[in-house]
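Asker: Given chain A's structure and the hints, the job is docking chain B onto it.
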Amino acid sequence: MQTAAGQAVSFADFCVEFQSKQLELPPDKVIARMAAMLAVMEESITTGLKGPRSKGGLVGGDAQKLQKYLSGKKRSILGNVVGKAVMYSLAVGEANAAMGRIVAAPTAGSSGVLPAVLFTMKEELHLSQSELAKGLVVAGAIGMVIASRASLAGAAGGCQAECGSAGAMAAGAMVSLLGGTPAQVGHAVAITIKNMLGLVCDPVAGLVEVPCVKRNAGAVAQAMVAAEMALAGIESVIPPDEVIDAMDAVGQSMHCSLKETAQGGLAVTPTALALTEKIFGHTI
Amino acid sequence: MNIFDIIGPVMVGPSSSHTAGAVRLGNAALAILGEAVAEAAVGLHGSFAQTGRGHGTDLALVAGLMGWSTDDIRIPQAFAYAREIGLKYCLKNINAGDAAHPNFVKIHLKGRKGGESEMAGASVGGGQIIIKEVDGFPLEFTGDFPTILTLHEDRPGAVAEVTGILSRRGVNIAQMRVFRRNKGGLASMVLETDQPVDDADIAAVAALPLIRSVRHIPAIS
Numbered sequence: 001m002q003t004a005a006g007q008a009v010s011f012a013d014f015c016v017e018f019q020s021k022q023l024e025l026p027p028d029k030v031i032a033r034m035a036a037m038l039a040v041m042e043e044s045i046t047t048g049l050k051g052p053r054s055k056g057g058l059v060g061g062d063a064q065k066l067q068k069y070l071s072g073k074k075r076s077i078l079g080n081v082v083g084k085a086v087m088y089s090l091a092v093g094e095a096n097a098a099m100g101r102i103v104a105a106p107t108a109g110s111s112g113v114l115p116a117v118l119f120t121m122k123e124e125l126h127l128s129q130s131e132l133a134k135g136l137v138v139a140g141a142i143g144m145v146i147a148s149r150a151s152l153a154g155a156a157g158g159c160q161a162e163c164g165s166a167g168a169m170a171a172g173a174m175v176s177l178l179g180g181t182p183a184q185v186g187h188a189v190a191i192t193i194k195n196m197l198g199l200v201c202d203p204v205a206g207l208v209e210v211p212c213v214k215r216n217a218g219a220v221a222q223a224m225v226a227a228e229m230a231l232a233g234i235e236s237v238i239p240p241d242e243v244i245d246a247m248d249a250v251g252q253s254m255h256c257s258l259k260e261t262a263q264g265g266l267a268v269t270p271t272a273l274a275l276t277e278k279i280f281g282h283t284i
Numbered sequence: 001m002n003i004f005d006i007i008g009p010v011m012v013g014p015s016s017s018h019t020a021g022a023v024r025l026g027n028a029a030l031a032i033l034g035e036a037v038a039e040a041a042v043g044l045h046g047s048f049a050q051t052g053r054g055h056g057t058d059l060a061l062v063a064g065l066m067g068w069s070t071d072d073i074r075i076p077q078a079f080a081y082a083r084e085i086g087l088k089y090c091l092k093n094i095n096a097g098d099a100a101h102p103n104f105v106k107i108h109l110k111g112r113k114g115g116e117s118e119m120a121g122a123s124v125g126g127g128q129i130i131i132k133e134v135d136g137f138p139l140e141f142t143g144d145f146p147t148i149l150t151l152h153e154d155r156p157g158a159v160a161e162v163t164g165i166l167s168r169r170g171v172n173i174a175q176m177r178v179f180r181r182n183k184g185g186l187a188s189m190v191l192e193t194d195q196p197v198d199d200a201d202i203a204a205v206a207a208l209p210l211i212r213s214v215r216h217i218p219a220i221s
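Protein chains in written order, with the numbering used here: chain A, 1 to 284; chain B, 1 to 221.
Isolated chain A (complex conformation):
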């Protein structure tokens, strides 16, 4: 980001240029491959809005519920922008749980965050598909930094590493697409991770259903809150690299029962244990 700050091009273009060199692919080819990912993301939103039931039977239909609520006459707290993003994130999470096709970005469990934020930006803030593709490059670049300093896997770092990282990637992409500076992108990343630090990975019955789908919705809201603050010039007191290092340290000190093993947290509540028994006929 320090390198990008001195450049005449936008942060998104800087990231595209950098990735193009890394991949030994011309910039337009990088954008084209990202556009192909966007097409799958859009398809996964559509799939989820049809209300499919998940394999384990614990989730499905909530995106539809929110869609109905938002299009009705009732007063909305979130409004069109955040409301739509939350709805889309539920849709992709539900599509994933129902064995629909998704883009793991960065993981399958956190795959709802980026499509939700990007397609809301497209529809509500009138961004083009090629701008979204650049946003995806920015998100990917942020993900690479997190992966190299910490982890993107729930089994290694808890849900902060999955939904937290997805949120940070989405926040950075939003700031960049709305004309924020590289430093502001960094602050958005830092604020998102700070607000999700310590989040455990405790899937009920070991399935990517509860609480994963709703945590995607939570990550979307966190990302939007952080992006808006960063665009307003609000800074993270702790710089992004240090925040990512803190996330790594927290992940390492997290007990293994809270890292995707379904041995702790929500996964061992009485209700979760009863559901596990019902789905598999035994506990895990």
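Please note: incorrect hints may appear among the correct ones.
[Claimed, not checked] Between beta-carbon pairs, the in silico distance windows are:
| # | chain 1 | residue 1 | chain 2 | residue 2 | range |
| --- | --- | --- | --- | --- | --- |
| 1 | B | Asn95 | A | Gly57 | 26 to 36 Å |
| 2 | A | Val268 | B | Val178 | 42 to 52 Å |
| 3 | A | Cys256 | B | Arg177 | 23 to 33 Å |
If you're looking for bench data, these hints aren't it; they were derived computationally from the structure. Quick caveat: nothing in here was measured; it's all calculated off a predicted structure. For each residue, glycine too, the CB sits at the ideal point set by N, CA and C.
Answerer: Chain B alone, transformed into the frame defined by chain A:
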């Protein structure tokens, strides 16, 4: 790591380890057999056995045995397709011991042309897999590269002969390891190559005096 490891892969959900990885394990077993599958006996261990059904691990493995990729939207209907093409499959839970990876599977296959193979492997996260055993022989490779597996006599020169043939045929070895059960008995070489290997390359390796058998596994996408 590149950016498409972060934004991607495109896959059918819900889990990269329990679904995408399971498809790739099926793909690997199919590639090791080297022909269309007639019968499959699949043993699921650990987390695969306990939570697999909720993740579609069973469907994903059968899809992989039919050669489907991790993003094939027919995966939820894999059982019906398998019945349609006459692929007989049987899935059961096994206990491979505490030392086995939690996402471990053993797959015994019979081919349409009469071939037979056994593979054991694990899904180790993010859709990545490790093959741990082929035809009862413990070894290790990922399937990310075109791979040659030999069964050969553990005697001086066996490795040199194989690498010599490959070098003369312009095939570069990216990684290789040699495994054996006991000294002077049967051993296995795992050669992962940068270039795709053709039938003539394999025939040339198979013709070497110390080689008992050779399997060729194209890179798994």
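Asker: What hints, given by number in increasing order, does this structure fail?
Answerer: Failing hints: none at all.
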